[in-house]
Structure formats: C-alpha cells, structure tokens
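Chemist: The residues making up each chain are set out below.
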Amino acid sequence: MIETSPPPQPAPPPVFAVQKRRLRFLGLTLDDTIKAFFGGNALVAVVVLALITVFLFREGAGFFGQNRTNLEIYRQAGLEYVDFIRRQTDDHTALTRYLSDLRLRQVMILTERERRPLDEVNAALAPFDAFAEQFSATVDPLRALLSDLTEQVTAIKTKFIVTQDRKEERRQLLAEGKPAEADAVKIDTIDFATELKPILGALPLYKETSREFSRKLVALLDSVPSLPSPELHPRMEKLKQLARNYAAGFPAIERDMEAWEHTFPVPAWETFTAFLFGRQWLTASFWQDWYGILPLLIGSLLVSAVALALAVPLGVGAAIYVNQIASTREQRLIKPCIEFISAFPSVVLGFFGIAVLGQALRLLSQQPWLSWMPGFPYSERLNILTAGCLLALIAVPTIFTLAEDALNNVPRAFKEASFALGASRLQTITRIIVPASLSGIISAVLLGLGRVVGETMVVLLCAGNRIAIPDFTSGLAVITEPVHTMTGIIAQEMGEVVRGSIHYRALFVVGLVLFVLSLLINYAAQKIVRRYKLSIG
Amino acid sequence: MVNAAPATMETRPPAPPSAPALAAKVSPRFPAVAAAAASEGRNVIVDIDDVDFFYGATQALHDITLGIEAKKVTALIGPSGCGKSTLLRCLNRMNDLIDGTRLGGGTIKIHGVDIYQPDVDVIELRKRVGMVFQKSNPFPKSIYENITYGLRLQGLKDRRKLDEIVERSLRGAALWDEVKDRLQASGLGLSGGQQQRLCIARAIAVEPEIILMDEPCSALDPVATAKVEELIQQLRSRYTIVIVTHNMQQAARCSDRTAFFYLGKLIEYADTREIFTNPAHAQTEAYVSGRFG
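Chains as they are written, first to last, in this note's numbering: chain A, 1 to 537; chain B, 1001 to 1293.
By construction, these hints were calculated from the structure, which means they are not laboratory data.
The structure presented is a predicted model; accordingly, all values stated were derived computationally and were not measured.
All residues carry an ideal CB built from backbone N, CA and C; glycine is no exception.
Hints are supplied without guarantee of correctness; some may be wrong.
Said to hold, decoys possible - Among the chain A residues that face chain B by a calculated CB cut under 10 Å, a handful are:
1. Arg143
2. Leu145
3. Ala259
4. His262
5. Val266
6. Trp269
7. Asn323
8. Thr328
9. Arg332
10. Pro411
11. Ala413
12. Gly422
13. Ser424
14. Ala436
Chain A on its own, in the form it takes in the complex (with noise of 0.2 Å):
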C-alpha cells in the first residue's frame, strides 16, 4: 500500500529577496560593534577633556583660600609692617644702582671715545666713587633697625606656623581614634598683640633713624660731584630729583605705619588681586611667599608679541608669494621646506637657541653699526629676543599653511575679474584676494599665537627666566631683557613642589590661566573663521 503522496514541492523562491540573516556575536551584528569602537573613541576623547578641565579646576581652586591664609598671616605676624622699612631701603638701593649705571656710562665715554687709560679714568672718578660710596652708607642705620625687625616677625610667624602645624596633627590624631595622643599635643595660643607691642614699640626709634637718614641724604646732595663729561650731567640731575623724591615720601612713610594695625580684615577678592595683579613671584622665601602672575603672564606675552611681530610678516608674506606669485616648481620647493620646519622637536630649537642663536644675536647687537636699534647692545645672551625668535620659527608654519588655505580659499573668479578689470598682480593682491581672505589670515595668525603661547620648551630654555616685571621705561629695549614665563614655571617647578601645598596649587592656576587663555584665542579664531565662510558665500 502505497501512499502516493504529492513529493513535498521545494517552496518557491522568494521573488523580492532582500532579506538576510546576520551573525550576532553577544547580541550585537558587525555594524554595531564597528558603530560602538568609533563611538568609544569619540567618548573617550569627551571624557579625557572634562577630566583634565575638572581636575585643573579643582586643584587650582584650592588656591584662594591658602593664598588669603597666607596673606591673613602676613598681616597678623607683622610681616607687612616692617616691609614698609624694607620698601624704603629697596628704593635706596635702586638709586644705588642708578649711581653705579651712571659710573659705567661714564667709564665707557671715557675708555672706548676719548681712549683714556684705566687708572687716569679711576682717578678722575675718585671724587664721585666717594660720594657714592658716602650715598650708599646713609641708609646703614635703617637697614640695621630693619634686621632686627625682620628677624622678631619672623619669629612670629615661624611660632604661629608650628602651632598651625600642631593644630594639624591633634587633628590627625583624633580623626585616627587615638583622643589620649591628641590631648598630649601641646598648642600654644599665640596673641598676636602681645607677640606684636615690641615691634610696633620700636616706631619711635624708627622715626628718629629715618630723620635722621633723611637729613643725612639730603645734605649730601648738596655736594654732588660733576662727572668728566657734560653729556651725563641731565643724568646726574635726574638723580638729584628722584632722590629728593624719595626722601619726600618718608613722612607718609610714617604715617601709613602709624595708621597700621594687625587686626585689618584681609577681604576675601584680595586674594584674587593679589593673584591677578601680583607684581611677584616669590617661593620659598624666608620671608613672604608672594603668587602674583603678573611678572609671568607680562612675559609670555611679551615672548609671544615678538614672535608674532616675526612670524606674521614672514607666515603671510610666505603664504601671499606662494599663492599669488611663484611659480609651480617655486611652490613645490618652498611649501614642504615651511612645512618641514615644524618636525623639529621644540627641545632641539631651544637648544639651537642657547648655542647658536643667543649668541649670535648677542653679538650682533654689540655691532656699532645697529646700536640704534632699541636696547642694543645687550649682554644677557638669553631673552625676550631670543626666545621670541625661535617661538617665530615655530609660529611660522602654522602661520603659513592656514594663512594659504586661507588664500586659496579665494576663488579664482575673484582673481581674474580684477585682472580683466586692468589690475597688477600687486593690486589685485592688496585689494581683492588679501581683504578677501583677511579673516582666514587672521584666525590663521590667531592659531600661530595659541601655538606660541602655549610653547615650554623654547621659552624655558632660551626666555632667561628672571622671574620680574621687564623695566618698560625704555620702551622698545624691552625686548633685550630676560623674563619667565607661565608655561615655563610650571614645566621648571612642578617638578619640586609638595603636593597640595599652596606652591603647587598656584601652578595649577597658572596652569588655568593658560588654559582660558589659549580657549578664548582659538574661539576667536573659530568665529572669525565662521564669519569668513559666510562673507565668501
């Protein structure tokens, strides 16, 4: 019996076959692992950023409050009090030094113009090396007085720190369970009044020693030497007047310290004025720690500006002369040669700095034939110009390629039609393709300058780095001066520091500063580059 059963007929093909089956593997096909790998990649770059923003902010915040601390105990253990005598002497000084600035102008005339031998220019000086020397001995009493003072604050100070200290480790203790060891903790409780009547008591003898300086001072101007040569005598006069200057202020000198009281609240923005426009940078003092950018952001900007003055004329100009005007095989020559510059390792630039390019600048100020340039001739071989020409080296590349991105950017239409219109190349240039391209050139020298700001190695090696404000009173001849910078300090003293100190932390804010800096460049770049795509339409 045989069932005859139609044979199963295989199921048609499907007409309309789209449909396939995919390999999972834990539940996800190929394309979601793929769209996942990616997607990581650009999470992790997210993350990274908001940690480094998170951390810089949350080490550098702790700054404000220790820097006030530190100013609060400044003005209670009467560290600015004696720094009222301290100014004083420092002013001393710096007429000192103008004396001595004088002395070498005038040995110089003397030896190099007139060839006269040394001992004839000694001998000549003899006169006036006794009033200097008489000058530089009037402040002696004073500056005794102020050793005393200094050495009685610092014993406060150093009284109030252990018990800061003591205070610390009592609360340790307790924290740690062990009440019996934190009682055996001796505290000594410090008024500052008491601690303080000694030194305020001494304002009498003050008074008498700083009359007695003043007199002393102002008597001996009365028989100033004149110097050999007429040309130093406005010079000489100068010093008459800021000398007289000087001792003028003593007075409110002694007002401002009798008005003084230790008690006198720090509020809490001076802590951050202090920061911002802190004309100081001094660590681990004897006396007062001082965190004040200024001097620092003053010299990264003043490297910067140099280089920009360097790198922009050279970038564009580079940028303009390839785009516009060289020929193909010019352009293949010099476009990897720009670019080229930027493989070197900025380590290698600074160290070319110090060997070749500080000197030879160096030298080449000491030729008579530049000594018109400002601040020329200059000994200190590391500088703003040195450091300044080298970050130029490093803008330059950056400056080059966006500002001819931004040249090519310009369509050609643009180009022939002032042609046909009858303009020179140079015309053309000047005032279509250039106005044309002015906001790409711009961010593109926007960018150069978040590159230099940013850059450590080339200022740490070649800036000089003397952490002061640069003397600005001669103007241009700011630039042959040595200067720090804020990369540069942290890259030189992060490294040394106690974690969570106020030292460390003021480098974090450093570091912040830096950090908002370079943001608002490149934002402006951005926005400048944005309203540039729109004008070309």
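Once you have looked at the hints, place chain B on chain A.
Modeler: What follows is chain B alone, placed relative to chain A:
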C-alpha cells in the same frame, strides 16, 4: 546633404584640412577676412591672423583667422572644448594667467597693434578690452565698490565723478532702478542675474572699447537671460562685443556675425543670418540645427 552630416562627422579623418584651406572650400572670401571686409566696407578692429594656441603640449587653436568688426556683436559658437573660450581669452590675454599657455604662431592685432608683442602693457590692454565671465563674480564688496574698483585702480578719487560713473554704468547695465537704494550693500547679496549685470556694469565703468563675454547667461534662468540679452542689444551701439555662447538661439537673437568652431578650428564665419539659414558647411548646419554638439 543635411541628413548625411552626422555620418560625415564620424567618418571624418581626425585632422581635417587646415582652416584656410577649409575656408577656401566653403567660402571663397574667407582667407583674407580683413581685406575682404575692408573692401566690403566693414570696419574690422580686431584682426586675428593664423593663430595657433597651446596649453602645454596640447594645441587648442589651429590656424584661426578672423576679423571682428567694430560696434557689432560677434558670437563664437561651437561644442564644448572647441576653443571658442580660449580664443576669447586671447583677446585680452587672460590666458597669460594660466601656466604653460603660449601663442604658438600668428598674430592678434587690435587697431593694428599686435597685442602679443613684449612691449604691450597687459594692464592697459585689459582696460580697453573688458570681460564678463561665465559665472558672475562680483567682489565681496559693496555694489558701489564693485563698480568703482577699476576706476580706483586708475587712481580716480573724486567722489562726485565716481558717483556719476556708478550711476551711468548701472543705468547702462539696466540695473540702476533695482539697486539705487542699496549701493552700499554687498554685491554678493544680489540675485544671479543682477550679479551678472553688476559684472557688466563693472566692466563698462572703465569705458572699454571691446567687451568680451564668456557664456554670460549659462548660469542664469530664462528671465534673467532675457534681461542680459536685452542689455547686449543696448550695448551694441557703443561697444564692440564678442560673446561666447552655447545657446544657439541666443547667438541667433543677439549677434550680427557668428563664428562656428569645431575641435580648435574655425569652420565657418559669416553673418549670423547666413549661418543660421544658409550655412556653407555641413558641420555648421548640423550644429546649428541641433543634431550634434
């Protein structure tokens, strides 16, 4: 004859006879256009004689001989790559801007002056021979600045005079009524057709004698095209116009004389009416009747 034309095209050997020979075949008066024209009372101011032109090693123009008449509209037509734009750009030496181009032989004379002689000041030449481009290209400046650009290049600073020329040029380009209230607005803010007329105004502001137009309407819609064509009709009384166009109707509507180019050679050059109604050459007929190109 007409039907056979495309076939002729395909079987034609790659190097057709040289232009003079061809011209001799198709039009007895062709070889010496200038002479012939003069004899017919034509006023030829641009005399193109036996011109070869090269982009690097590639020859773009072969033995072109052609005379362009004053105060007439001359249309250059032909399929893409036939050399008509190249020839146009030879007339104000715009080809100089392209690397590796050179005039291989022949002369181009304007008013009898060979413009390819080394002592010719290209800037001066371009002031006399203005140009309007295929894609309207106003500068990213105000309308006013666009018009005065060429004048300022020549050092004209007198504000009143500039104002006057701006108005005259914009009126000349039939744009004044549309933009007179916003002369300080950007030229890029205008519509495509207005931009092109702005470019024409810019070109006529410097008072050229000859205006070259390189497909001036190819990027415009029909309404804007009509306006520009109308403008060309107005301009012909004062300027000599050479126009390159892909649009056969445009050539027929606007021009007095038409030259047909093919593969870098001048095939036929005659009065427009004749080219379109009674072409002497089979290729011309095939092209103008739309069967190839």
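Chemist: Next, verify each hint and record whether it holds.
Modeler: Hint check:
1. Arg143: Constraint on Arg143(A) not satisfied, violated at 69 Å.
2. Leu145: Since the shortest Cβ distance to chain B is 72 Å, the answer is violated.
3. Ala259: Where the cut-off is 10 Å and the nearest Cβ of chain B is about 62 Å from Ala259(A), the hint is violated.
4. His262: Where the cut-off is 10 Å and the nearest Cβ of chain B is about 66 Å from His262(A), the hint is violated.
5. Val266: Status violated, d = 56 Å.
6. Trp269: 47 Å, violated
7. Asn323: Asn323(A) check fails; min Cβ-Cβ to chain B is 14 Å, beyond 10 Å.
8. Thr328: Cβ of Thr328(A) sits 6 Å from chain B, so the hint holds.
9. Arg332: 12 Å, violated
10. Pro411: 7 Å, holds
11. Ala413: 4 Å, holds
12. Gly422: 4 Å, holds
13. Ser424: 6 Å, holds
14. Ala436: 5 Å, holds
Violated hints, in rising order: 1, 2, 3, 4, 5, 6, 7 and 9; the structure is consistent with all others.
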